[in-house]
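Quick mapping for you: the protein sequence lines, in order, are chains A and B. Just so we're aligned: the first sequence equals residues 55 to 385 in my numbering. Just so we're aligned: the second sequence equals residues 55 to 385 in my numbering.
FYI, nobody ran anything at the bench for these hints, they're computed from the structure. Just so it is clear, the structure is predicted and the values come from calculations on it, not from any experiment. Each hint should be verified, as a subset may be incorrect.
It does not matter which identical chain is used: a pair holds within one copy or between any two.
Said to hold, decoys possible - In silico EDC-like cross-links for lysine to aspartate or glutamate, where the CA-CA straight-line distance does not exceed 16 Å:
1) Lys255 x Glu160
2) Lys97 x Asp375
3) Lys184 x Asp80
4) Lys370 x Glu206
5) Lys94 x Asp278
6) Lys184 x Asp298
7) Lys235 x Asp121
8) Lys370 x Glu204
9) Lys224 x Glu206
10) Lys349 x Asp262
11) Lys316 x Glu157
12) Lys255 x Glu157
There are 2 protein chains.
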Amino acid sequence: MKEDEAKGRIIRLFNDKADSFISGEDMSAVLGFSRASVWKYVKKLRNEGYAIDAVSNVGYKLVSSPDKMYGYNILTGLETKTLGRKTIHYYAKIVSTNVQAYELAEEGSPEGTIVVAETQTAGKGRLGRKWISPDSKGIYLSVILRPEMELERISTITLISANAVVRAVKNICDLSNIEVKWPNDILCGGKKVCGILTEIKAQPDSVDFVVLGIGINVNALEEDIPPGGTSLKLETGQRVDRMDLVRSLLKEIETGYTTFQKNGFGPIRNECRELSAVLGKNVSVSQYTSVITGKAIDIDENGALVLEIGNGRTKKIFSGDVSVEKVRIES
Amino acid sequence: MKEDEAKGRIIRLFNDKADSFISGEDMSAVLGFSRASVWKYVKKLRNEGYAIDAVSNVGYKLVSSPDKMYGYNILTGLETKTLGRKTIHYYAKIVSTNVQAYELAEEGSPEGTIVVAETQTAGKGRLGRKWISPDSKGIYLSVILRPEMELERISTITLISANAVVRAVKNICDLSNIEVKWPNDILCGGKKVCGILTEIKAQPDSVDFVVLGIGINVNALEEDIPPGGTSLKLETGQRVDRMDLVRSLLKEIETGYTTFQKNGFGPIRNECRELSAVLGKNVSVSQYTSVITGKAIDIDENGALVLEIGNGRTKKIFSGDVSVEKVRIES
Numbered sequence: 055m056k057e058d059e060a061k062g063r064i065i066r067l068f069n070d071k072a073d074s075f076i077s078g079e080d081m082s083a084v085l086g087f088s089r090a091s092v093w094k095y096v097k098k099l100r101n102e103g104y105a106i107d108a109v110s111n112v113g114y115k116l117v118s119s120p121d122k123m124y125g126y127n128i129l130t131g132l133e134t135k136t137l138g139r140k141t142i143h144y145y146a147k148i149v150s151t152n153v154q155a156y157e158l159a160e161e162g163s164p165e166g167t168i169v170v171a172e173t174q175t176a177g178k179g180r181l182g183r184k185w186i187s188p189d190s191k192g193i194y195l196s197v198i199l200r201p202e203m204e205l206e207r208i209s210t211i212t213l214i215s216a217n218a219v220v221r222a223v224k225n226i227c228d229l230s231n232i233e234v235k236w237p238n239d240i241l242c243g244g245k246k247v248c249g250i251l252t253e254i255k256a257q258p259d260s261v262d263f264v265v266l267g268i269g270i271n272v273n274a275l276e277e278d279i280p281p282g283g284t285s286l287k288l289e290t291g292q293r294v295d296r297m298d299l300v301r302s303l304l305k306e307i308e309t310g311y312t313t314f315q316k317n318g319f320g321p322i323r324n325e326c327r328e329l330s331a332v333l334g335k336n337v338s339v340s341q342y343t344s345v346i347t348g349k350a351i352d353i354d355e356n357g358a359l360v361l362e363i364g365n366g367r368t369k370k371i372f373s374g375d376v377s378v379e380k381v382r383i384e385s
Numbered sequence: 055m056k057e058d059e060a061k062g063r064i065i066r067l068f069n070d071k072a073d074s075f076i077s078g079e080d081m082s083a084v085l086g087f088s089r090a091s092v093w094k095y096v097k098k099l100r101n102e103g104y105a106i107d108a109v110s111n112v113g114y115k116l117v118s119s120p121d122k123m124y125g126y127n128i129l130t131g132l133e134t135k136t137l138g139r140k141t142i143h144y145y146a147k148i149v150s151t152n153v154q155a156y157e158l159a160e161e162g163s164p165e166g167t168i169v170v171a172e173t174q175t176a177g178k179g180r181l182g183r184k185w186i187s188p189d190s191k192g193i194y195l196s197v198i199l200r201p202e203m204e205l206e207r208i209s210t211i212t213l214i215s216a217n218a219v220v221r222a223v224k225n226i227c228d229l230s231n232i233e234v235k236w237p238n239d240i241l242c243g244g245k246k247v248c249g250i251l252t253e254i255k256a257q258p259d260s261v262d263f264v265v266l267g268i269g270i271n272v273n274a275l276e277e278d279i280p281p282g283g284t285s286l287k288l289e290t291g292q293r294v295d296r297m298d299l300v301r302s303l304l305k306e307i308e309t310g311y312t313t314f315q316k317n318g319f320g321p322i323r324n325e326c327r328e329l330s331a332v333l334g335k336n337v338s339v340s341q342y343t344s345v346i347t348g349k350a351i352d353i354d355e356n357g358a359l360v361l362e363i364g365n366g367r368t369k370k371i372f373s374g375d376v377s378v379e380k381v382r383i384e385s
């Protein structure tokens, strides 16, 4: 972490002095490192893909940064208080960020610990499904949370995070058609751009920890992702800076999470209603052994989906796979 | 498991022919092993503490069995359908049966897998507390369950198991003053004789697995256990056969668990009421940051404890540490 911090500070300094050279002496003075240390870290950064010009008697200049989600790269400009502040575990390739984060949580890693990877060989989706993780073209991130909340409230963490993804994407991209398909998918123009997988270790009356896993298709192309999916690049026509997005995402998750802890589900509920891809639509919900159809009319005070199932009767849905039924055009 | 099965069958055969010799030839015929195999297993059993007489031209006789919870020893006479039927992992010493079972469950061990130990070096209690595990004087057992149930129903597993412990103890010991202190302790004459720790891995809408951990003070003496505790031996004045008790316990857990899955919490609820150490008494319940006092008047249809808190008002308790208040004698 010490080395990461040093590298992070050097990157920040380069960014502050964009496009101009900084002398080794100035860097040494500002950072409080020896000039030899500055040179050592510059070499390390070059090895990790940073293009840094070094000119004798002039100094150093950052020419370009690699598109890698190194911890210190995320930290540069991160505005959170807790998330990412302890340790960001970076992997070029990993089986699953959720599996890794779950193990770290079991070993006692604190709230806010983050696992991030460029690609996952067996990224996990809900109900044992897979998440395809094109290399360096998405955000594959898991966050350890240790909420003091009742077990039956845990599903709200998923909803809070889904809203946070939408806010973060809107902060970074010019996109308006991004919505939450209750409870854990984010759709862009009706296609899946992000999935959330919340995993829990608990006792009946206390939560040990939650691993919040988020997969976002950022710069993936059509051939990279499964049918029915899309990416932010495909939707906006532009490359999206993953680092900007991940920093915004962490900030928005933290905001949602602390709002919930202070003020309960009320404010989140309103946002769930606003951002919902399903309210007002006819949906069918697949559960273990049955399918329920109806019109989605509300998100209740606990985060459940309320369906109108005919004859004025309503039914609360706590879990299941929601499909929005195609609109029938009557002529 | 094959060797365990063979040893189990030999023990069963010895038990069937209690106190008489069986010829190697008869054993070989009944078991379908060669006489050399019979001799091989007899030697193994002797190494594990079984006293087996072998007389030339007469045969073998089991003189005594060790007081060890070997898997095949549990299997001999076990009447369950699922619990213990796949694998019983036996340890002379382990950190915690729950920790081990949790790892096995994560690796995919099926429902009914059991971990049992003679002693635990860091046995786990609820809320991070310790469970003291005197060597070979108790039952320290964890069971992997994979129930298809909603997360908010999981606390019923603890209640089902608490009832099962009481039934199992009553099957084996002549004890009437054994009761459940909601939700997870078993008391004998007001002193703790058993604790239950249920640990869960889940997603908000599905349970991956439950590890049900049970610690029972069986033959422990006063100096073996913490103040406020007791053992079945201390209460009955007699040594209790741990093997009989663990078999009865597994059978009773299975009965409760399958009853619940077929018929819901209704029948369990009635039993919870009958076996409760707290109903009808004034109690105080410590929760995260508060203490609630009142008279415990019922267990509700979801397993919550219902308190009468004055002025006819009631409050449902979903979690917390319950203390029964001392009866005030008014003169």
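Quick one: Lys255 to Glu157, C-alpha cut-off 16 Å, is that within a copy, between copies, both, or neither?
Answer is both; intra-copy 11 Å and inter-copy 12 Å each pass.
Should Lys235 paired with Asp121 be assigned to within, between, both, or neither, using CA atoms and 16 Å as the limit?
neither (30 Å within a copy, 58 Å between copies)
Within, between, both or neither, where Lys370 and Glu206 count as close if Cα-Cα is 16 Å or less:
both (15 Å within a copy, 15 Å between copies)
With identical chains, the pair Lys316 and Glu157 could be close in the same copy or across copies; at 16 Å between alpha carbons, which is it: within, between, both, or neither?
The answer is neither: 29 Å in one copy and 35 Å across copies each exceed 16 Å.
Is the C-alpha distance from Lys255 to Glu160 at most 16 Å within one copy, between copies, in both cases, or in neither?
Answer is both; intra-copy 9 Å and inter-copy 12 Å each pass.
When no copy is specified for Lys370 and Glu204, does a C-alpha distance of 16 Å or less occur within a copy, between copies, both, or neither?
Answer is between; shortest inter-copy Cα gap is 14 Å, intra-copy 20 Å.
I want to check one pair: Lys184 and Asp298. Are their C-alpha atoms no more than 16 Å apart within a copy, between two copies, both, or neither?
neither (26 Å within a copy, 45 Å between copies)
Checking Lys349 and Asp262: alpha-carbon separation at most 16 Å within a copy, between copies, both or neither?
Neither: 36 Å inside a copy, 30 Å across copies.
Measure nothing new, just compare the shortest in-copy and cross-copy C-alpha distances for Lys184 and Asp80 to 16 Å and report within, between, both or neither.
Neither. Shortest intra-copy (49 Å) and inter-copy (56 Å) distances fail the 16 Å Cα cut-off.
For Lys224 and Glu206, with the copy left unspecified, which applies at a CA distance of at most 16 Å: within, between, both, or neither?
neither (30 Å within a copy, 34 Å between copies)
With 16 Å as the alpha-carbon cut-off, assign the pair Lys94 and Asp278 to within, between, both or neither.
neither (38 Å within a copy, 59 Å between copies)
Within, between, both or neither: how does the pair Lys97, Asp375 come out at a Cα-Cα threshold of 16 Å?
neither (50 Å within a copy, 58 Å between copies)
The structure fails hints 2, 3, 5, 6, 7, 9, 10, 11 (numbered hints given earlier, in ascending order).
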